[in-house]
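S.K.: Position chain B against the provided structure of chain A, taking the given hints into account.
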Amino acid sequence: MGLDLRIPIGVLFTALALVLIVYGLVSDPAIYARSLGFNVNLGWGCILLVFGVAMLAASWRKPEK
Amino acid sequence: MRLTIVDGLIIGLYVLAVIAIGVVLRRRTKTSEDFFLSGRSIPAWVAGLAFMSANMGAQEVVGMAASGAKYGLATSHFYWVGAIPAMVFLGLFMMPLYYGSQARSVPEYLKLRFDEKTRALNAATFAFMTIISSGISMYAMGLLLNLLLGWPFELSIWLWAGVVLVYVFMGGLTSSIYNEVLQFFLIVFGFAPVVILGLVDIGGWAGLVANLAEVSQQRGYAADAFTTVWRHSGSAASNPLGVGWFSITMGLGFVLSFGYWCTDFLLVQRAMAAHSLSAARQAPIIAAIPKLLFPALVILPGMIAIGLTHRTGGLSFPLKPDGSLNYDLAMPMMLARYLPTGLLGLGITALMASFMSGMAGNVTAFNAVWTYDLYQAHIKPNATDGHYLQVGRIATVVGVLLSIAAAYIAAKFNNIMDLLQLVFAFVNAPLFATFLLGMFWKRATGHGAFAGLLSGTIAAALHHGLTIAQHAVPGVKGGWLLIIHTYPSEMAQDFSTAIVAWTTCFVMTVLVSLATTPRPKEQLRGLVYSLTKREHEGVATWYLNPTLLAPLVLGCALVLNLLFW
Chain A
0 MGLDLRIPIG VLFTALALVL IVYGLVSDPA IYARSLGFNV NLGWGCILLV FGVAMLAASW
60 RKPEK
Chain B
0 MRLTIVDGLI IGLYVLAVIA IGVVLRRRTK TSEDFFLSGR SIPAWVAGLA FMSANMGAQE
60 VVGMAASGAK YGLATSHFYW VGAIPAMVFL GLFMMPLYYG SQARSVPEYL KLRFDEKTRA
120 LNAATFAFMT IISSGISMYA MGLLLNLLLG WPFELSIWLW AGVVLVYVFM GGLTSSIYNE
180 VLQFFLIVFG FAPVVILGLV DIGGWAGLVA NLAEVSQQRG YAADAFTTVW RHSGSAASNP
240 LGVGWFSITM GLGFVLSFGY WCTDFLLVQR AMAAHSLSAA RQAPIIAAIP KLLFPALVIL
300 PGMIAIGLTH RTGGLSFPLK PDGSLNYDLA MPMMLARYLP TGLLGLGITA LMASFMSGMA
360 GNVTAFNAVW TYDLYQAHIK PNATDGHYLQ VGRIATVVGV LLSIAAAYIA AKFNNIMDLL
420 QLVFAFVNAP LFATFLLGMF WKRATGHGAF AGLLSGTIAA ALHHGLTIAQ HAVPGVKGGW
480 LLIIHTYPSE MAQDFSTAIV AWTTCFVMTV LVSLATTPRP KEQLRGLVYS LTKREHEGVA
540 TWYLNPTLLA PLVLGCALVL NLLFW
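For the record, the sequence lines run as chains A and B.
Sequential numbering from 0 applies to the first sequence in numbering that gives the first Met the number 0.
Sequential numbering from 0 applies to the second sequence in numbering that gives the first Met the number 0.
Bound conformation, chain A alone (with noise of 0.2 Å):
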């Protein structure tokens, strides 16, 4: 249909990628409890980013027929 899918996954997704890093680098690590003591935020959030960013990177480089 002409537009690529991999953009807006990539752009989603790395938008959520920072709200949550950024999150998890300014919160108060105490409510980190639940997670059982891991900042699950920042962790999770730079996963996140390497998803988003490797889709953006999968439609620069190779676009769709």
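Think of the hints as simulated: they come from the structure by calculation, not from any bench.
None of the hints are false.
Pairwise CB distance ranges, derived in the manner of DEER restraints:
#1 B:L8 / A:L35: 23 to 29 Å
#2 A:W59 / B:R27: 19 to 25 Å
#3 B:I393 / A:V10: 29 to 35 Å
#4 B:G474 / A:V49: 50 to 56 Å
#5 A:G42 / B:T308: 24 to 30 Å
Per the computed footprint, the stretches of chain B lying under chain A, defined by three or more beta-carbons under 8 Å from a beta-carbon of chain A, are:
#6 2 to 15
#7 181 to 195
#8 336 to 347
Here the structure is a predicted model, which means the values were calculated and not measured.
Think of the CB as a built atom: it goes at the ideal place given N, C-alpha and C, for glycine as much as any other residue.
M.R.: Using the frame of chain A, we list chain B on its own:
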């Protein structure tokens, strides 16, 4: 559970993305084929992921976790003997006929292969079923958001139905498919942290097995009944599902799963939208790959949840007003237990996304069937393409409104999964016999198909009316005519209903076909497997070749069954 601004921001970003996709696609949706079939232009991986996500509405995400808590690992039968073989069969043998015949919908294939009345029967029942499913999905969402976040039931229903309406209205099937793929990734990324944290907390797989052994023994089963799939299926009474191996393989594995995955237009529509025959064949098989692993994301959290309730200082499972465990809250409870503000927003977004795609999938299938198979076939044939596009858009609005009405009706039933199984058993179970005979037996006739379908559905209703599950009250649960047999569980009863319906339809179709005149062979080219030339079109990527991928996927399913035997 309270959401903060950060969680709200995450939900907001998702809604923004969904609407933006609709807006961009609106300008590219010019013909009815764009609207109903994405102009047959979707790449295989997108069609495949959408194929998989389209069924992940309430029944999958909330229902599978609920079943995981209720029945344990045996719930994986819905994947490892249920979905996977059926999806592979669809890709290998049925897609060449669906796609190759240029039918625009599953009922339209029936029209091409058989006749108009068979199509009308199928189209009408299917349209009804999509509305029911969509309503159930919406009801589950309204209830859940009310319980979790205190949002008023009515508000969430109308608000999220509104969002779905906006993006489907604008971009049609493409919009729905794109959002289903988005939802697929949201579910993976939203639920994976819960599973990881839950497993770490309970002491890994070994810890889970130890905890569930207590649960299992408390309920009167063997210690490993909750953490194995086949070992206790020798008799229905010795496993939590209450179903024996024959019912599991024949009822669920063969009749129900093939009936659902191979003939449900909601799913097949995604593969029909693919850009080429080879992509259409790859789509269901590509979808089967994540499907193999999804029990870890949707069933495991339910198992962990019930395991944790039996640990000191663990978790108290929410109760229903009558004092029984409210299994449907297993997944949301796990989200609330492990995810801090931030990731919690992502988890809730994943839940909402699944509800919305469930609804959108139904609405897009409904509007296509309504427009092509009911409106164009019976009310106004030979109108302009623009007219049908317009009708499709109106049907989208009407479909959403009907779903909302269905949601209010669904509020009367409590176990979503059992109700869905029941509806599928009546309508879908006989259907697969019709397709099997239609696609692989050139002698099958239209009269035969129609008689088979009708008698199959009636047989299903009769069987349901004459039998009941232990401890069930006669009524919607069966036994509304006379009780001549009692099953150990509702699921066992449902699987048997499906087997009876399928067999009746199969036998009736064969008998009536033999008594009526067959269609000449020339008219059946492209519609019957033996009369269709196999095109050897080049597959761009060798590892996506269905003949290589299919045995690989089936092999993996076998390994998983053996691993957790």
